[in-house]
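Put the two chains together into one complex; each comes in its own frame, and the hints tell you how they fit.
In order, the protein sequences belong to chains F and A.
248 is the number of the first residue of the first sequence in the numbering used here; add one for each residue after it.
822 is the number of the first residue of the second sequence in the numbering used here; add one for each residue after it.
Hint data in this document are derived by calculation from the structure and do not stem from the laboratory.
Please note: incorrect hints may appear among the correct ones.
Claimed, not checked - Computed cross-link-like contacts, EDC-like style, restricted to lysine to aspartate or glutamate with a CA-CA straight-line distance of at most 20 Å:
(1) A:985 to F:684
(2) F:348 to F:684
(3) F:621 to A:849
(4) A:989 to F:701
Unchecked claim - Here are the simulated distance ranges between beta carbons:
(5) F:614 to A:842: 30 to 38 Å
(6) A:1187 to F:621: 51 to 59 Å
(7) A:1034 to F:701: 47 to 55 Å
To be verified - Covered by chain A, according to a simulated footprint, are these stretches of chain F (three or more residues, beta-carbon under 8 Å):
(8) 478-489
(9) 667-677
Ideal placement from N, C-alpha and C gives every residue a C-beta, glycine not left out.
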Amino acid sequence: MNLTEHASILIIVIPLIASFINIFLIFLKRTLCYPFFLLVLGICVILSIDILSTVISFGTLRYKLGGWTPPWGIEYVVDHLNAYLIVIVSSISFIIAIYSKDSIKKEIAKAKLPYFYSTYLLLTTGLLGITITGDIFNLYVFLEIASLSAYALIAIGEKRSVLASFNYIIMGTIGACFYLLGVGYIYIITGSLNISDLTRLLPSLYESKVTLTALAFFVVGIAIKIALFPLHRWLPDSYTFAPSAVSAFASATVTKVGIYVLIRISFTLFEPRFLTEITPLSNMLIWWSTIAIFFGSIIAIGQRDFKRTLSYILIAEIGYMVLGVSLGNKEGFIGAVLHILNDAVMIACLFMIAGGIFYRVGSRNLEDFTGLNKNMPITMSAFILAALSMIGIPPTAGFFSKWYLILGAIEAKYLISAATVVFSSLVNALIFFRIFEKIYFTKKEVIPQYTFRELPLSMMIPIIITALAILIIGFYSGEIISSIIKFTVPAGF
Amino acid sequence: METIISSKPLLAIIISLIAAFLIAITGEKARNLRETWTILAAFIKFGIVVSMLPDIINGKVIEYNLFKITPELLFHFKVDALGIFFSITAAFLWIITSFYSIGYMRRLNESAQTRYFAYFAISLSATIGIAFSANMFTAFVFYEILTLSTFPLVAHKETEEAKKGARKYLTYLLGTSIAFQLTAIVITYNISGNLNFSPDGVLNKNAAPFLVTITFLLYIAGITKAAIMPLHSWLPAAMVAPTPVSALLHAVAVVKTGVFMILRVVFYIFGIDLLKSLDLGTVLTVIASFTIIAASVIALRQDNLKLRLAYSTVSQLSYIVLGAALLTPSGIKGSIIHIGAHAFGKITLFFTAGAIYVATRKTKISELDGIGKKMPLTMASFTIGALSMIGIPPFAGVISKWYLSLGALEANQLFVLVILTLSTILNACYFMPIVYAAFMKKPKYDDNFKEYSGGGIHEAPMFVVIPHLITAILTVLIFLYPSFFLEIIRVILANIMGG
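Chain A extracted, bound-state conformation (with noise of 0.2 Å):
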């Protein structure tokens, strides 16, 4: 494989670090100029990150190795065809995030915006950091940055609820990823010798197979950003911020860095023989099955809408995790897929509940009878995310969904597809009865909400409006041009199934 040295990978981490400095020291004195270089380092960072994909069309490898701090713990960046693909969606995504981060934060007239502006900017640094680390070490320090800079966001309102969600979501994601999955990481090092991302993994095929497994239960519960069950509960815990962090951050960045991470070890670390000569694939397939549905049981029942997206996500996730899992062409086909298919529609999703809430401080589930006709727009986009998570054509869930099952297949393991189609009826469950209330009940008169109760088109600001437009017309266009996708997939399939 051809590897060019260049420094693009660093370049787009650290730009929005600059982005982080300039807006700090910017303040709320001059909120526009801060604004400017928030969108400022989102157009560049894509701008950079998409100019590294030709290259890695072609099969190459983007390599920048920015220095060793002990001969075994190297700081190193490698942009393959996986990490592109990952940081292309999280950069992209951070453009529309950011025109409407500006629309709601300003709207709703939020303290601390240059706080929030600083940190979002951080963590968007640590995400791209993710998907271009050569190695797990790299991967880890950029792991708990982004913990680290995702917890001023979650604990924005400074509320006791914000300081409760807040605490509960540094004691996942930072406890388990002490307690796990460093210990996880030592034990790699212990066994293999390094702990570079090699396409045929890492560990020695012949380590002791009871070592291996420990080291891979180990790995998946220290990866919580995965939200795999039963540590999830930081994601529900992570509501309280601001609908824009969890738009990007709890249904894009931060939960797809888990399942990355969870795809690198499967691929990169333990590599597909060894996992399949220990059967450690249906281990964890099990357990993302079981997350699938129970996450999606839950998510019936909450009635306050964006704890609902958050159970819809712990589910959806368990998608990714489950198509690697399966270890079979078009199960990891439909894994990747998954990751862009369900990032915009997620983050379709979750704009709508913030543009209703900013149009309307609704919250509740129960509460939005008959918003239809009021916010159409916002509606629509909210069914068409909604539809895409079904995985009804022609929105981009059906395609991966397609691929897990055709993976299924390929992995003879029926009870996946049972999994599956039970998913895709408790979805449409928890998804079309908002649907159908938003359009075709009648409005209920609320006390609480008299000033928004007035009748006519009530939609929220344009800032918040467009993006969730862009991102749902976006689910349709993957559905009708995947090939994007699919290009891409084909080089990370080349890499790891060896041809």
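This is chain F alone, in the form it adopts within the complex (with noise of 0.2 Å):
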């Protein structure tokens, strides 16, 4: 069997048997469970780049589920963006499992570690899903199995994160009921679920009231999954209360999923113009993403929790790539994409950072941090790092992105935009200097005696190659960007 040519149902695959597989070793020998997780999210991780360079240089992978030709059977379909994302999902996957070992031990019991463990691998196998499938049915199916898992791994957190959980299922079941209402309408006008087919139908049908209908609810149901200010409400809660690896894990990989399908649906099975020129989608989303990034950035700044902080700088972040992707044209788009990578690793490791404060101070209290440097001082200088780049202070990563994102908007002629991205950056320097402060520059009498030491191993490593990844990819943006993003960008742009 070749390897490559199924590379794309394997990494769906394994995570997914991996996951029903995990339980059973309980019965066999409990401590197999945490590297048996680690083992097949690596395998994730080889698989993902086995795509990633095979798209790279031959061009769009496809596979056919089952030997049904598309678009009757389904089809997973891999381009540069799906690739891109693959790599993202597994590699954020693997380093916060890495993570996961030290951390999750003090946030839940023992007993209920493995099978946290499979609810980890479904929430891959749903994410990984929903970025390779070629196909708007079967991406419900992934986005479900995505959905429910990241309900039951929230609820596990600490007391309140039940409720938050709650929150989280009535939204997110209302997202996707009308993704799935959306499907339904442009099934019954086309009588085709497979997205290329659907390129090529959709076109004569822009101007039915069923296709403007199915797109308004792909759109809010999107909306609200990926948390787009003031469909946001379930977010905070959610990502606060939440085990620390479980919010490095959803806030750096799910809203990002919701970005891509985003985009799929805009650019792939809609043609770009009909978001431009036949609906006013593209300008509508415009205004409303920048409402998303000031909002989101204000309410930051009011928060004592550090982790709802982060929540809300999230909330502001993902305004910045639903900015770009509709902004509909070159530099905004490759922005957007850019962005999905930078804000991948930096949330994930702000998240990281927050979960090992809380794992040695036992706090998110922001007035709690006076002095840290002295105990952590390796994860406070990734923390500078992360933060720097939140800010977007080059050379950085997050500099690159914001700077398309800033070029794009001014390009659309959009400049309060352009000035919304400029009002995010500085209220980012305001929330993170203000943290700094209480870190460094503290009197040594008002600093509590901690006697703790630097994080355990297994946490400082993903802190350490997040923040160290910030810098590389940053100074690599260009490389990204002509080897991978210049593909994704759509046709007309």
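This is the structure we're talking about:
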């Protein structure tokens, strides 16, 4: 069997089956669960890199599931955009799996650990499935797999996480329903569910009210799933009360995959002109995301809880990506796709640091961060790097995606959006430097005398990897754009 | 123009980064070794910078392409005459300040000295980085690094006041650079498609005048390090830092980086022709004139010596901006000479302020009566620095003032002459009373300073005194032998005025 040929199905099937096997491992030997879990995710990373390199050298991959020819059978289609997302999702998943070893032990009961690993694998399966499939109904199935496992993972956090997860279920289900309704409408008028097939069929139906309704359902459904302000209410609570590893994993991947779905629906399922000329959607999304950036940043200032601050910053970051996607020019789109990667790494790093501080100090309150640099110098250095990237200080990665976003906004003559992006950078600077001041410049007398040292290695290494990745990605931005992102830009931009 | 490819610019930048690393790992326990790294790096850096000088004087340019981040954002270095002039000044004064720092910090038993020396070294890397940047993007990166690396130096004392000052410092410098400077850079790129510093300006001559004007104003507002009013108040706030920081960074490196960037923007982004055609030079002239006078007036009212010096810096920096804004050969000459002249004069003044603090713990001007008898060397240096600031021969300041006045005549801006005269009078008004009180008045007996009120000579330690003597003597030497300055300036002028 040729591995490369089947890589796109293996990357889904392996974690899916592994998540069941993992539960049976409890009866065999409990201590095997974690190494097995890590091994599976490691295999996913290797497969994803294999897929990406195949796509870069040979172009789009197509895989017929069960040998059925599309549009009747399900087809997996991997182009540059999917491959890029798959690598991000599987790498983040693997890195945070390493991190979870020690961090999760403090947060949930030992008996529940194997179930955590299984659900985590299921979430990875769902996210990878969403990105890899070329069928809009199949995408819905994976969306539900991902969402259900995310609800479960969030609910195993601290006490209040159950309510947060419940809110998420309600909102998430509405979002999923809307998406499904969109799929239904499209199916009624075209009789097809295959994305490439639909790309061919839909243009003749652009004037139809049904198509418009379907689009509306898609967009609102996805907006809920990616927590686009003001549909963001589920996110801050969920990511604040969830276990640290889950917050880090979900914040870095779930919303990014949602953005991917938005890109697919907007530019592959429909043509760019449908969004700009026939419907006012792209104009609407620009203003919507500008508002999201503005309010996400503003609300973030007022938070005292570190993870909640990060959640609101994430909401603003989601606005960035939606903005870039909807600007309708090359620069904006490149900015958005580059920001998917940058934001995934930055936010994962920051949430892991938040988890690390919680692991040692037992608090997420910013007031308790005084003088932490004495005890955790390496973690705090990583924090500075991630925060600078969030603000957008060159040469960290965050600068480059912001650069393209601002350039795109100016190119598209949305100066207010450009100004909002700049404004949100300033707000981030305010937020993070306030925290730095607490950490670094507090008089010795008021610093609580913690005796702990740095984090355990299993938590340190992922933090260091992501922090260094921020720098490395920054320096290789041009390389990433010219070898991957350039090919994802929709025709006509 | 002949181009030499060499990694020297990169080495000059990296050497102090390496030093910062060594300083950090050496730590407080082996402090003599730690200080060795600083001194060693300072000398090597100066050596590398000077070694590039002969080629530059011969009209060559040294380039080094570090890497491309994206096709349009390049991380490139290019050493030209303007860059070498600024970097020699900064690198030379770093050597002197390093000795001074050691004396100052040890005598006062300051805490966190390792952090202090490490960030000091990083700041110098960033300063040289800006001097050698080949495009606006590279310069912007170093500009931000400089802000960030000087932040811990301003907050050094960790008191509420220090934190407040540092907060203001960061808000002004980082805030405006992101809000205005970055926006201006993006617009520049949007108009012209690249960000390279080019001797006749990179902006398209046919760009919409309105957009060009907005971009120009965004640059002026975004390069807050030049402390042009009304965005100057971070500089007085930064005076909470230890005096060596105020001396090198907030009289030379950081603020000069600001004016240096303004010169880059004026001559290498916009170009003389474009600014002349839109009359934007006059706009900048007016803003700078206002700053010169307003800052001097505020300086008059300060009783804290360092604050008075800070406002004097705000005023003097605008001389440099003013000279550039005149857009005439003599104006530019005066502007560039003043970068050096002010650097030597002002660092002398700050060194003496620090010396007074080290020897007597006094910070206020009203407490300085009769101090000239106790600290004759220090107050002699102070007098030289002050006279140079005012612009009296035989000190460096008079040369730049001379060329600035010529430039004003060439540009037919007679009001600038009035401003310069008025400012000279104001400078005299806020410096001479200090000199007078120090030498002529009788010391007041002060309960707060009993232990320092004894008779006889009571100078600061040699490490603190010798540096300000050296810079004071150099202030005289620059006046006597300005040919080094003029030689470099000839190359710069040939470059931007096209022969």
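Okay, the hints, checked on the actual structure:
In summary, the hint linking residue 985 of chain A to residue 684 of chain F is supported, as the alpha carbons are separated by about 10 Å, within the 20 Å threshold. With a C-alpha separation of about 31 Å, the suggested pair residue 348 of chain F and residue 684 of chain F falls outside the 20 Å cut-off, and the hint is violated. Between residue 621 of chain F and residue 849 of chain A the CA atoms are separated by roughly 15 Å; this keeps the pair inside 20 Å, and the hint holds. Annotation: proposed proximity of residue 989 of chain A to residue 701 of chain F is violated, straight-line Cα distance about 32 Å (limit 20 Å).
Between residue 614 of chain F and residue 842 of chain A the C-beta distance comes to about 33 Å, which sits within the given range of 30 to 38 Å. Roughly 40 Å separates the CB atoms of residue 1187 of chain A and residue 621 of chain F, a value that falls outside the hinted 51 to 59 Å. The supplied range of 47 to 55 Å is met by residue 1034 of chain A and residue 701 of chain F, whose beta-carbon atoms lie about 53 Å from each other. Taking a C-beta to C-beta cut-off of 8 Å, the segment 478-489 of chain F contributes 0 residues in contact with chain A, too few for the three needed, and the coverage statement is violated.
Here the segment 667-677 of chain F counts 6 residues with a CB under 8 Å from a CB of chain A, which clears the bar of 3, and the coverage holds.
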